[in-house]
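Just so we're aligned: 10 in the working numbering is position 5 of the sequence shown, and the numbers increase by one with no gaps anywhere.
FYI, nobody ran anything at the bench for these hints, they're computed from the structure. Predicted, not measured: the structure shown is a model, and the values here were computed from it. Don't take every hint at face value.
Claimed, not checked - Beta-carbon label-pair distances, calculated as ranges: (1) H63 / V40: 18 to 26 Å; (2) D77 / P19: 20 to 28 Å; (3) V87 / E59: 33 to 41 Å.
Each residue gets a CB set at the ideal place from its N, CA and C atoms; glycine is no exception.
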Amino acid sequence: MQTRYIVSYDICDPKRLRLVHKTMMGYGEPLQYSVFCCDLSPSERIMLIADLTEIVDHREDQVMLINIGPADGKGRQSIETVGRALNTEGLERRTIIV
């Protein structure tokens, strides 16, 4: 069973920022440049955290994984925006990591 996460990151170094963004593109759909929506199984969540652990500087950077519930539940309905509407194109697509 997959869980939907909002993943947000604040990375201080431009090189690490690009690496984190590239890594996140393999796990989910971008909502904003530093915010992703990811449907992850428990093992995918562990792999994501392991991948990010290798990139971030634990003294300067921060990555937040926010659990918003089952991927097939109300997760998307829990996201509200002010201003420009959320682009939901691609959020229904499943990401497969090989």
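Hint by hint, here is what the structure shows:
As the Cβ distance of H63 to V40 is approximately 21 Å, the hint placing it in 18 to 26 Å holds. In this structure the hint that D77 and P19 lie 20 to 28 Å apart at CB is violated, the actual value being about 37 Å. In this structure the hint that V87 and E59 lie 33 to 41 Å apart at CB holds, the actual value being about 35 Å.
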